[in-house]
Amino acid sequence: MRLPYAPAAVTMILLLVVATGCRAAMPVEQGEGLRVLAVESFLADIAQNVAGDRLTVGSLIPLGVDPHGFEPTPADVVRVAQADVLIVNGAGLEVFLEALLQNAGGQSQVIVASAGLTPRQPQEGEEVEGHHEHEEDPHFWLDPILVVRYVENIRDGLSQADPAGADVYAANAADYIARLQELDAWIAAQVAQVPAERRLLVTNHESLGYFADRYGFRVVGTLLESVSSGASPSAQQMAELVERIRASGAPAIFLETGANPQLAEQIGRETGVEVVTDLYTHSLSAADGPAPTYIEMMRHNTARIVEALR
Amino acid sequence: MKRRTSERHGEAGLLAEPARLELEAVTVAYNGQPVLVDVTFQVPHGAQVAVVGPNGAGKSTLFRALVGLLPLRSGRIFIHSRPLGHHRDCVAYVPQREEVDWRFPVTAADVVMMGRYGRIGWLRRPTRADRAAVARSMEQLGVADLADRPIGELSGGQQQRVFLARALAQEPHILLMDEPFTGVDVTTREATLALLDRLRDQGVTVMISTHDLNLAAERFDFVALLNRRLVAYGPPAQALTPQTIAEAFGGQALFLDGVAIVDRCCPPGEPQKRGG
Amino acid sequence: MVAWLTDPLVYAFMQRGLLASLMVGALCAVVGCYVVLRSLAFLGDALAHAILPGVAVAYLLGVNLLLGALAAAVLVALAIGRLSRHSLVQEDTAIGILFAAALALGVALISTIRTYAVDLTHILFGNVLGVSAGDLWLTGLLGLAVLTLIGLLYKPLLVVAFDPVLAATLRLPVERLRSLLLVLLALTIVVALQTVGVGLVAAMLVTPAATARLLTRRLPAMMAASAGIGAFSAVAGLYLSFYANVASGAAAVLVATLVFLLVFLFAPHHGRLWAALRERRGR
Numbered sequence: 001m002r003l004p005y006a007p008a009a010v011t012m013i014l015l016l017v018v019a020t021g022c023r024a025a026m027p028v029e030q031g032e033g034l035r036v037l038a039v040e041s042f043l044a045d046i047a048q049n050v051a052g053d054r055l056t057v058g059s060l061i062p063l064g065v066d067p068h069g070f071e072p073t074p075a076d077v078v079r080v081a082q083a084d085v086l087i088v089n090g091a092g093l094e095v096f097l098e099a100l101l102q103n104a105g106g107q108s109q110v111i112v113a114s115a116g117l118t119p120r121q122p123q124e125g126e127e128v129e130g131h132h133e134h135e136e137d138p139h140f141w142l143d144p145i146l147v148v149r150y151v152e153n154i155r156d157g158l159s160q161a162d163p164a165g166a167d168v169y170a171a172n173a174a175d176y177i178a179r180l181q182e183l184d185a186w187i188a189a190q191v192a193q194v195p196a197e198r199r200l201l202v203t204n205h206e207s208l209g210y211f212a213d214r215y216g217f218r219v220v221g222t223l224l225e226s227v228s229s230g231a232s233p234s235a236q237q238m239a240e241l242v243e244r245i246r247a248s249g250a251p252a253i254f255l256e257t258g259a260n261p262q263l264a265e266q267i268g269r270e271t272g273v274e275v276v277t278d279l280y281t282h283s284l285s286a287a288d289g290p291a292p293t294y295i296e297m298m299r300h301n302t303a304r305i306v307e308a309l310r
Numbered sequence: 311m312k313r314r315t316s317e318r319h320g321e322a323g324l325l326a327e328p329a330r331l332e333l334e335a336v337t338v339a340y341n342g343q344p345v346l347v348d349v350t351f352q353v354p355h356g357a358q359v360a361v362v363g364p365n366g367a368g369k370s371t372l373f374r375a376l377v378g379l380l381p382l383r384s385g386r387i388f389i390h391s392r393p394l395g396h397h398r399d400c401v402a403y404v405p406q407r408e409e410v411d412w413r414f415p416v417t418a419a420d421v422v423m424m425g426r427y428g429r430i431g432w433l434r435r436p437t438r439a440d441r442a443a444v445a446r447s448m449e450q451l452g453v454a455d456l457a458d459r460p461i462g463e464l465s466g467g468q469q470q471r472v473f474l475a476r477a478l479a480q481e482p483h484i485l486l487m488d489e490p491f492t493g494v495d496v497t498t499r500e501a502t503l504a505l506l507d508r509l510r511d512q513g514v515t516v517m518i519s520t521h522d523l524n525l526a527a528e529r530f531d532f533v534a535l536l537n538r539r540l541v542a543y544g545p546p547a548q549a550l551t552p553q554t555i556a557e558a559f560g561g562q563a564l565f566l567d568g569v570a571i572v573d574r575c576c577p578p579g580e581p582q583k584r585g586g
Numbered sequence: 587m588v589a590w591l592t593d594p595l596v597y598a599f600m601q602r603g604l605l606a607s608l609m610v611g612a613l614c615a616v617v618g619c620y621v622v623l624r625s626l627a628f629l630g631d632a633l634a635h636a637i638l639p640g641v642a643v644a645y646l647l648g649v650n651l652l653l654g655a656l657a658a659a660v661l662v663a664l665a666i667g668r669l670s671r672h673s674l675v676q677e678d679t680a681i682g683i684l685f686a687a688a689l690a691l692g693v694a695l696i697s698t699i700r701t702y703a704v705d706l707t708h709i710l711f712g713n714v715l716g717v718s719a720g721d722l723w724l725t726g727l728l729g730l731a732v733l734t735l736i737g738l739l740y741k742p743l744l745v746v747a748f749d750p751v752l753a754a755t756l757r758l759p760v761e762r763l764r765s766l767l768l769v770l771l772a773l774t775i776v777v778a779l780q781t782v783g784v785g786l787v788a789a790m791l792v793t794p795a796a797t798a799r800l801l802t803r804r805l806p807a808m809m810a811a812s813a814g815i816g817a818f819s820a821v822a823g824l825y826l827s828f829y830a831n832v833a834s835g836a837a838a839v840l841v842a843t844l845v846f847l848l849v850f851l852f853a854p855h856h857g858r859l860w861a862a863l864r865e866r867r868g869r
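Residue numbers (the working numbering), protein chains in the order written: chain A, 1 to 310; chain B, 311 to 586; chain C, 587 to 869.
The set of hints was computed from the structure by calculation and includes no laboratory data. Take every hint as true, because none was put in to throw you off.
Label pairs and their computed distance ranges (CB to CB): (1) A:Ala174 with C:Leu724: 55 to 65 Å; (2) C:Val769 with B:Arg435: 23 to 33 Å; (3) A:Arg246 with B:Arg413: 48 to 58 Å.
Partner residues aside, some chain C positions facing chain B, computed with beta carbon under 8 Å: (4) Leu623; (5) Lys741; (6) Pro742; (7) Val745; (8) Phe748; (9) Ala754; (10) Leu756; (11) Arg799; (12) Thr802; (13) Arg804.
Bear in mind that the values here come from a model prediction, so they are computed numbers and not experimental data. Backbone N, C-alpha and C fix where the C-beta goes; we use that ideal spot for every residue, glycine too.
Could you put together the complete structure from these sequences and hints?
This is the structure in structure tokens:
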């Protein structure tokens, strides 16, 4: 197998040409002259709700790209460097960011959305194959109540960067928090339709831990990246997975958008469980898709989960 | 168009139809350089022709043009009075140096059978008649016992005889052989000469090239003396005179007491004839 | 003993995997005879990567990805034939040039797309453990078509490969046949890739045929032996994957390589061991 060092070099050169030309335009930060950039699209949406009309929050990672696999281009480095305020998830999600920030230089103020939140420990019975993706689980945002803390951190950070707008941000934040609590109640009501013994989550990535904790699900196990991203599991691993899923009684397997469904579908065929392939967890969808904002994203995911497990 | 074997051969195996070979003002160029210029001659049915000339005279080029491997810059070639390209298996060609893949997994018998492909067609399987023809040809060339041996394992002479057997199995009307006597062992030489005699009986038209002027004079009906253009053509007595030889071979001819000595083949550095 | 063979087949995915392994192993091994004999060993790996730009373009145009892959593979195969015509550029050199170019083009295009880009190719690079019934039908039908074509064109392909001069004398369309062979290879590779993935396909095109070469004297026998070795290796890899917990594609390749080494050393005529013994006895 050829290692892609040479193509990578070609790519960089070509990209400098191409990226300046035909890349789809990202929203340009304006307003008050403050440039605010959120790393992930859902973060950008949450932050925009706090910022209201005062600021425009841009999103670094394009829609649909997994933050775990994100490789910043030179243009991305420039955007980070030019941002006055940078909003990150934190807790180890943006591994690439350290090098990026070093390269970018600049004097961005960094708001860590998840500051102050305590990471969870894997519950009893949760088996994660292979190595852990993260030291700690950064997927706080899949629990709307934890997102309240995100909103507070962002409100405080924006107020620090733009003190004149502090009242606006406070008001917007309060509104949005109310909506989050409304969302939480709605999700709980939906989940109530699922009998307790069927609240089992088998996913391709350990992202639904906090969601599971909040709404009473049990994460049975993850069909790791190996099964959904192209590395090759062995037949023995496949067989074991099949047995485990059968034994657990899980009614469905949930994949995030962008995961390779081939082996999950095979397991679905073998065990008869349903395979759901469109949970939006790391990114919003396009504007005309089912998850254009954070709240709609959570509603969509909930609907799919409840539908499959009911 | 191909016609059935039985229609083409008479009862005694003689070719019933005149296998004339005609060249008319043939000019062939290689990379823009003319290699054969304005060559015209006719070979009557069943005749055996020796093409002689110094190295670089265009002998190999002539053969390759006759089988359609090289395009003509001008002029025409007729076989059976029809232009080149209409006959698939009428002409068999044994080149001087086989450009084959010697490591290919084929046996000697497989190679000889390839000569029958023009007759069998691409989709049908070989018949008993085909296998008999192959066996016969290999017998006649003395390589029948090598039938199941991989072609790459045979000696140079054996390989040459296998390719001769292939040409024979093709049952051609015209057989072209490029320097079949150059650099071969005695067994092969004898086999080739015997083959020529047998082909004469069958009325097959034969054209070979050689450096051996004596052989050409002794055993061939016609001699074509070539040095890019046709210097002389006719029965040996007419074609091979001191004047024509001097003209064709230029400085390479030496005359001593009425005996012409020409610079024989294989100047130093000429590659070996056979691979394997 | 039998239980050991049949236990894995309790799972439907293993049954399908077994069939897929048999089919792809045999098909690639037969087609691989031409790859080995025409010195195209590079080709499997090269075409597997050459499909990248085809996939990218298909995605951008909203066309079926598999069609894009097929189109790219066929185009690159034909380009290889064109470049190496008239012996100006050797076939392996042509492959090397086009492989690098296609790969770079693919990477460049895909990086401008910047969505599920990485997964585009993973959708195309299958896994023998993920074979569905539909995949089996597709592979089976295509395999049959390719083998039928090879059977029908056996004699012309043989002559073109062995003796191009005779081919010309017999008025065979030499260049078109060479191109056709390359296109056939491209089709086989793309469909096999979809079923079982890169590692397995590239190796199954070379190693079993190379092994068979050492064991046989004639091309039909070589193809049959190659198919047997290919099928056996693929199936053995699957069983190893089940019992020894290793990736099946990699296991199959290792089995095929082991078989090659054994034959290389111990084969009756060509084996190194006997050759060495013969030399000593000769002294």
